[in-house]
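Novice: This is what each chain is made of:
2 protein chains.
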Amino acid sequence: MVASTGMLASCSRDPDAPAGVPSNSEPDNEPLKSSVVSFDGAHQAGIATETQASLNLIGFNLRDGVDADGITRLMRLWTEDARALTAGETPLGSLEPEMNEWPANLTITVGFGPRIFDIAAPGKKPEWLHDIPAMNRDELREEWGQTDLALQICADDPIMCAWAMRHMTRAGTDYVSTAWVQQGFMNAYGAIPQGQTPRNLFGQVDGTVNPYEEDEYAEQVWIEGPEGFAGSTSLVVRRIAMHLDEWEMLDRASREEAVGRTLDDGAPLSGGEEFSEPDMEAIDDYGLPVIDRNSHMARAMPPADHPEQRFKRRPYNYNLPPEPGSGELSNAGQIFFAYQKDPDVQLTPVLKRLDEADRLNEWITHIGSAVYWLPPGTSTDGSGDTFWGEAVLSGSR
Amino acid sequence: MVASTGMLASCSRDPDAPAGVPSNSEPDNEPLKSSVVSFDGAHQAGIATETQASLNLIGFNLRDGVDADGITRLMRLWTEDARALTAGETPLGSLEPEMNEWPANLTITVGFGPRIFDIAAPGKKPEWLHDIPAMNRDELREEWGQTDLALQICADDPIMCAWAMRHMTRAGTDYVSTAWVQQGFMNAYGAIPQGQTPRNLFGQVDGTVNPYEEDEYAEQVWIEGPEGFAGSTSLVVRRIAMHLDEWEMLDRASREEAVGRTLDDGAPLSGGEEFSEPDMEAIDDYGLPVIDRNSHMARAMPPADHPEQRFKRRPYNYNLPPEPGSGELSNAGQIFFAYQKDPDVQLTPVLKRLDEADRLNEWITHIGSAVYWLPPGTSTDGSGDTFWGEAVLSGSR
Numbered sequence: 001m002v003a004s005t006g007m008l009a010s011c012s013r014d015p016d017a018p019a020g021v022p023s024n025s026e027p028d029n030e031p032l033k034s035s036v037v038s039f040d041g042a043h044q045a046g047i048a049t050e051t052q053a054s055l056n057l058i059g060f061n062l063r064d065g066v067d068a069d070g071i072t073r074l075m076r077l078w079t080e081d082a083r084a085l086t087a088g089e090t091p092l093g094s095l096e097p098e099m100n101e102w103p104a105n106l107t108i109t110v111g112f113g114p115r116i117f118d119i120a121a122p123g124k125k126p127e128w129l130h131d132i133p134a135m136n137r138d139e140l141r142e143e144w145g146q147t148d149l150a151l152q153i154c155a156d157d158p159i160m161c162a163w164a165m166r167h168m169t170r171a172g173t174d175y176v177s178t179a180w181v182q183q184g185f186m187n188a189y190g191a192i193p194q195g196q197t198p199r200n201l202f203g204q205v206d207g208t209v210n211p212y213e214e215d216e217y218a219e220q221v222w223i224e225g226p227e228g229f230a231g232s233t234s235l236v237v238r239r240i241a242m243h244l245d246e247w248e249m250l251d252r253a254s255r256e257e258a259v260g261r262t263l264d265d266g267a268p269l270s271g272g273e274e275f276s277e278p279d280m281e282a283i284d285d286y287g288l289p290v291i292d293r294n295s296h297m298a299r300a301m302p303p304a305d306h307p308e309q310r311f312k313r314r315p316y317n318y319n320l321p322p323e324p325g326s327g328e329l330s331n332a333g334q335i336f337f338a339y340q341k342d343p344d345v346q347l348t349p350v351l352k353r354l355d356e357a358d359r360l361n362e363w364i365t366h367i368g369s370a371v372y373w374l375p376p377g378t379s380t381d382g383s384g385d386t387f388w389g390e391a392v393l394s395g396s397r
Numbered sequence: 001m002v003a004s005t006g007m008l009a010s011c012s013r014d015p016d017a018p019a020g021v022p023s024n025s026e027p028d029n030e031p032l033k034s035s036v037v038s039f040d041g042a043h044q045a046g047i048a049t050e051t052q053a054s055l056n057l058i059g060f061n062l063r064d065g066v067d068a069d070g071i072t073r074l075m076r077l078w079t080e081d082a083r084a085l086t087a088g089e090t091p092l093g094s095l096e097p098e099m100n101e102w103p104a105n106l107t108i109t110v111g112f113g114p115r116i117f118d119i120a121a122p123g124k125k126p127e128w129l130h131d132i133p134a135m136n137r138d139e140l141r142e143e144w145g146q147t148d149l150a151l152q153i154c155a156d157d158p159i160m161c162a163w164a165m166r167h168m169t170r171a172g173t174d175y176v177s178t179a180w181v182q183q184g185f186m187n188a189y190g191a192i193p194q195g196q197t198p199r200n201l202f203g204q205v206d207g208t209v210n211p212y213e214e215d216e217y218a219e220q221v222w223i224e225g226p227e228g229f230a231g232s233t234s235l236v237v238r239r240i241a242m243h244l245d246e247w248e249m250l251d252r253a254s255r256e257e258a259v260g261r262t263l264d265d266g267a268p269l270s271g272g273e274e275f276s277e278p279d280m281e282a283i284d285d286y287g288l289p290v291i292d293r294n295s296h297m298a299r300a301m302p303p304a305d306h307p308e309q310r311f312k313r314r315p316y317n318y319n320l321p322p323e324p325g326s327g328e329l330s331n332a333g334q335i336f337f338a339y340q341k342d343p344d345v346q347l348t349p350v351l352k353r354l355d356e357a358d359r360l361n362e363w364i365t366h367i368g369s370a371v372y373w374l375p376p377g378t379s380t381d382g383s384g385d386t387f388w389g390e391a392v393l394s395g396s397r
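Protein chains in written order, with full-length UniProt numbering: chain Z, 1 to 397; chain V, 1 to 397.
Hints in this document: simulated from the structure, not taken from any laboratory.
All C-beta atoms, glycine included, are put in the ideal place defined by N, C-alpha and C.
Everything hinted at is true.
Residues on chain V that point at chain Z, a partial pick, calculated with CB under 10 Å:
#1 Trp180
#2 Gln182
#3 Ala191
#4 Pro193
#5 Leu263
#6 Asp265
Okay, chain Z solo, but in the shape it has when bound (with noise of 0.2 Å):
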C-alpha cells in the first residue's frame, strides 16, 4: 500500500520494501526492536512513512529574547540529536543510552510557525504561512493553537516517543518552551492487518483517499523550490473533537449516509470496495442518491475542475479523560494531520466546503488550529551534515 517514497527504504516495518537494509536482526521474533526509520534524506521522516502507533506532537514558544541566532543554534541541536535517537544512539548529553537503544521506528519532524520566519527569514515566509481562514463551526481553543515550533514525534513504541519527548525537550530548554502537547494513537504495530487503513474512534475506515505512489507525493505533497525549500512542504493540524455520546445514538444506516461509505469495508455506498471511485450520479429505487449530495466524502473530494484539492492525511487519535462537568462519557476525537504544498489552494478550500456543509458537522468540532512550514530532509553526505531548515536559516544572515 505504501509506495516506495525513499524515506521508507530501511523502515522494516513495509515487506515490500525496495532497497535498504533493514537493521533488524530477528524480524519474525522481534519485529520492532531496533527497526529504524531513516533520519536524513530528501524529506523529513514522519510524513510519508507508515503512521506509528504513539504520537507527541509538541508545541514551543520560543523564550524571550531568542534571536536568529538561538533559532540556527536550536536547529543544529536538535537536527544532530534527533538524528542519534532515531538510529538508537545517544545523543550528546544525554546520560540515558539504555533508553535509546529501541527505536521501534521513531521519527521526529519539526515544523517552523510564522515567527520563526519574522525573526530569522523575514523575506522567505512562505504566502500561506499563515492561521487557516476561521470557520463558521470552529470552537478554536487558544491551549491549541498557533505556535512557534512543533516537534512531531512518533513511534511504534510508548516509551521511546515519551522518552523522545523528555530528550527533545530538555535538549531545547534554553530556547523554547512547551506551549501544549497533543498525544495521540494509532493502532499498534500488527494489530491489524499489514497495510489495512485504519478505523477512527467513529468506527470509519479513515485515510483511504491519500498519495500512495511517488508520483503523487510529487504532486501533493512536496515543495519544488526555491533554494531551500525543495522537498519541504506544509502541515496543517487540525484537533476534530468528535461526540461520541451523540454519534452512538444513530443506527448503522444513518452513519454510513453520513460519511457516504459503509462501516464494514469503507467502500462507497455506491457499490465497490474501498479504493472504488464513489458513483455520485447513482440513484436509489426512490429516485434519491445513493451518495447523499452533502455526506463527508461528497462534500471532501475535489470537484472536478479543482484537482489540486488533495492532500496527505495522517491522523491520530486522542482520548482524554471526560472533563469534568461535561456530562460527557468521552473527551476523544482526531488529531487530523493534512500535508499538501499549499494548504491556501490545497486544503482551505476543502475546510470551507466542509464548513459549509457536512452531514458529519452534527457529530464533530474543530477545536485547535495550527500551520507550519516543514523544512526539507537533511544530510549527512559531502561537506559534513546538515541541519533542519539550514538553508533558509544560514542564508538570512
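Using the hints, position chain V against chain Z.
Specialist: Chain V only, in chain Z's frame:
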C-alpha cells in the same frame, strides 16, 4: 519468565505458554491481530497476564440511589460485555462489530471499593479494604483518590484499549459515572526482547522482584477463601510522580546508588545479573556498604523475619503535558499496581519503610492512592455463565 499461571494459556504472546491454542492464525506475520487472553478462569485476567502496552484504569462512583440490586445488575452486564470484548466478539447493544474484531490481548479486570461492600455485602468486607494509612511524604490529590469501582483495561493496541473504555463506560452509565481515568503505557509488543524486564522513565529496570511461578502467586497473591473470595486478590494503586528534571541532574553513579542496582542491566550493585541475590554485607575498598542501606532496593526488601512482605508489581508509566506554570519540563511518573492477599500485611509495611527512608524519595512523590478487592475469576461452565463477584453479591440478598 512468565509462569504457567493458567491465565496465560491461550495468550499467544508467550511462546513458552503451556497448553491452549493461540487463536492467531498468522503468528509470524501478525502477532497481535487476533491474540486473545482467556477471560474466564480461576482468577481474573490482567493480574498474572504479561503487561500489555496500553492501560486505561477508570475509577467509577455509583450514581445516587444505586442499591445492591443495581450493583448486581451492573456486574452481570459488565461481565457479559467484558467476556465478549476480550474474545473479539460484539457485546449485545454494540453497533460497532468492526471495532471489536482484534482484541490484541485485551483484558478487563474489575475492582470493588469499600462502598460496594457497605451497600451490597456489609458483613463480608475484607478487613484490609480501607485507605492505605497516611504516609509522611504523601501529597495525595483528591482527583486520584478512592472510588467505588475500578475497571483496569489493558491491551496491546491503544485503539482497542480506548474502544473498550468507551464501551464499558457507556454500558455502565445508568449505574456509575467516571471519577478519574489513569492512562498509562508500557513497551509495545515486540519493542523490547520477549521476557525482558522493562525500564521506567528514570531508565531503571523496574519489576524484577515479582512472583513468576504458580506457587509464588499462590503464596503472595491469590486469596484462599472463604467461598466467594477464593481466587480473588487485592489491588493497591499508587500514583507516583517522578521528578525527571531533578533526577536528570544526577550522574549515573548517583542514580545507581539511589536504587542499589546498575542502570545497565538492573543487577544489584554487589554483582551478578538482574536476578542475582543482592549481597547486603558487601563492603567496598573504603569499608562502605556497596549497596546503600537506604537505597530503594535495600529499603523495599522484605526483612528476614518478614518474608510475607512480597506482592505482584505491574507498573505502568504516565507522561502528560507539563502542568502550566509548574516550570517543569515533564509531568510524568508511574501508576504503581500492587496485587496481594492482604495489603495491611504485605504492601503497607514496605510503603511505611520506604516513607521513613529511601534515597529515591528525593525524586518521587505519591500523589494518588486507592484500594480495591478484585473478585475471583468467572466461569462459563456448568449451569450458566457467572458474573464478577456473584457469590459475594448474591449471598447477601
